[in-house]
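Asker: Read off the chains here:
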Amino acid sequence: MATEDAAHGEGGGLAIHPMDQFIVKPLFGDGPVMWYTPTNVTLWMAVAVVCTILLMVIGTRGRNVVPSRAQSMGELAYGFVYKMVEDVSGRDGVKYFPYIMTLFIFIVFANMLGLLPMAFTTTSHIAVTAVLAMLVFLTVTILGFVKNGAGFLSLFWVSSAPLALRPILAIIEIISYFVRPVSHSIRLAGNLMAGHAVIKVFAGFAGAMGLASFVPILAITAIYALEVLVAFIQAYVFTILTCVYLKDALHPHH
Amino acid sequence: MATEPIDIEAAGTCVDASGGAIGMPQLCFDWFPNQIFWLLVTLVVIYFVLTRVALPRIATVLAERQGTITNDIAAAEELKLKAEEAEKAYEKALADARSEAQKIIAEAKADMQGDLDAASAKADAEIAARVAESEKEIGKIRDSAMDSVQTVAKDIAGEIVEAMGGKADKAALDSAIDTRVKG
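Line order of the protein sequences matches chains A and B.
Number 212 in the working numbering belongs to position 212 of the first sequence; there are no gaps in the numbering.
Number 82 in the working numbering belongs to position 82 of the second sequence; there are no gaps in the numbering.
These aren't lab readings, by the way, just hints derived from the structure by calculation.
None of the hints are false.
According to the in silico footprint, chain B covers these stretches of chain A (three or more CB under 8 Å from chain B):
id : region
1  : 21-34
2  : 37-45
3  : 68-80
4  : 87-101
5  : 116-126
Here are the simulated lysine to any residue pairs, SDA-like style, with alpha carbons at most 25 Å apart:
id : chain 1 : residue 1 : chain 2 : residue 2
6  : A       : Lys95     : B       : Ala63
7  : A       : Lys200    : B       : Met24
8  : A       : Lys83     : B       : Pro56
9  : A       : Lys247    : B       : Thr51
10 : A       : Lys25     : B       : Ser18
11 : A       : Lys25     : B       : Pro25
12 : A       : Lys147    : B       : Tyr47
13 : A       : Lys25     : B       : Gly23
14 : A       : Lys200    : B       : Phe32
Cβ atoms here follow ideal geometry from the backbone N, Cα and C, with glycine treated the same way.
With the rest of the complex left out, here is chain B (with noise of 0.2 Å):
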């Protein structure tokens, strides 16, 4: 191809017949004007597009996802404050219910002395008055045997004395037997 001759004609300076490079592209001075007004289009667009839409607008969503951000930290801060706050409110709540507790417990066992006290004051007189009444009976019993005896002791008296030959002087036989019983 180097050896056939170059149609420039057809294919101007830079180009040799068949479509192939001559040299270097890059130095083919007739493509510059070309390349250089398509160069200048494309950064006019590239600079109008970016200045009027692209820029501005990154530009805002930056701004605003820093405000975003701030403001968010701000408000983790807070939240985290009101967050001790109520832990604090809790633990003294806590402690509150606590004492509050103890408190009661105590009142409670306070409460169950004196009941406890008070029941068994009640039954230590009942037991009393139990004590008594039977101490009584057991009073009356001793008497009303103690007559019996007597009694029964006069009976036989007179009955002896009857059986050796006597005759028995009731009111003589009586009275020894009441002094001998008592004595």
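Isolated chain A (complex conformation) (with noise of 0.2 Å):
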């Protein structure tokens, strides 16, 4: 995409790489990407890191009854999420809620931080959302055997069906519980890559379109909003089927 973007530069003045913002480099020198290289998806992840601990940590510092703005927003992040983690888990989820919080809100500010001009968007990276979504999969798997032993296989098994059915069913059921991660990790990467891409693109045409590139500034304010929005959505998505897979492994039963 971006080669055929790049040869059409060399012919016309239209010169678009909505890709090369996803490219991840090394934040000092040129060399290889090691894993351990310090690379701008470190410094937008540590840059995460520093608004969990300003909002979250900084924010609560007063530990006021009557909360100042940034304690305000921090327990309105942790209601969010308990809730919904109490809502949909059930009560005996509530004791995951620290994961699940730890998602929500690395997710969140990963979203939210690539949205800023320049930025590098970590969650548009399906590798960085494969991990997460692997995580959620193979603890919700884990924890669903080790509460329910063998029994957690009923969750294959729907007992409402006629007999018949069932073992359509169970094939079905398994199936989609497999593609469960693969969803789970695309749907994040693939909301936020779209966006994006398609704001750069847009960029592109105001560069090209001279006095006419309102049209494309204008459009590109309203994508932005708009991706403000997909930013949040994204995160309680994804943390909200968190919460839905952890409560099929406390209770498989249907």
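Mind docking these for me? Both chains are given alone in their own frames, and the hints should help you get the complex.
Answerer: Okay, here's the thing in structure tokens:
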């Protein structure tokens, strides 16, 4: 895609490289990207950690009964995820709340920080979201077997369906169970990548259209607003799906 | 750029010689270990920041706030009861004061009535005494007037008798006049 754009760029004046924003670069020097190399991934994940500390630790340092603005936001995030875990996973899901809170906080900050101009969106990479999704998938599967033993398999045996249909449904259930981490991860990365790429494409138009460039600029503004929404909603969706999977692990019976 | 030979040694397999992306950077497996490593580091750091500091702190604050709210509501309830009691006491005091005032007014009225009665009785008695005195006075005046009439009558009768050439018998004249005047 980028190569085609580059090829167009040589001919016309239109040089759009919507995918270049996703390139992983070393922060220092030009060497190869080893597993330990500090890269822009490191930088923006570190910024997410700093933001987490600012909001959840520095913001709440007053421990006020009547909260400051930052504390109020921290409490809001806490209450939001806590209630989600409690409502979706049930009372016994609450003890996994810190893990789910970690996921939510990381994803929401990574998504929002990615919307800053020149920023790198760590959650637009399938490598990142796939690891998140696999963590959830493995944890939930292991937890299901530890908590329920073989009874966890009743998740795939739809006892409310007619007996003849149950084996077929079981196959469908098993397939959908293993597709979970795929959809879980691609949904998040795909949404973010698509939005950021579209913004870059419109930015490319704006660069080439001269006076008429206000049209793509307006479009970018509109899409940006949408992307802010998407950034939050995708974090929310990832978190609530995690809660749903957790519920299946804790209570596998339909 | 796509037409130029790609310098794989310098740029790796995911970036072309000019630094542009080849295909989707998301699918560049060269970068996966780096991303996964830093992601795990980040998650662990966030997890520890949250579980060691942030979440217990927020949970404490929320519990404390819940406690404060409950206490405040209870205190407000209590104050409301107190206010109602105070209102009742106030109403009672008002009613008491009103009845007290009525009593005082009635007492004052009775006192004044008594004083008035006493004063008017005294005045009546005084008037009666004055009347009696005046009557006595009048009686005296009348008596003295009668005496004067008799004296004058006796004198005139004597004079008349002498003027007609008679000799007045003083005693007979007096008795005759006395009987006439009294008659």
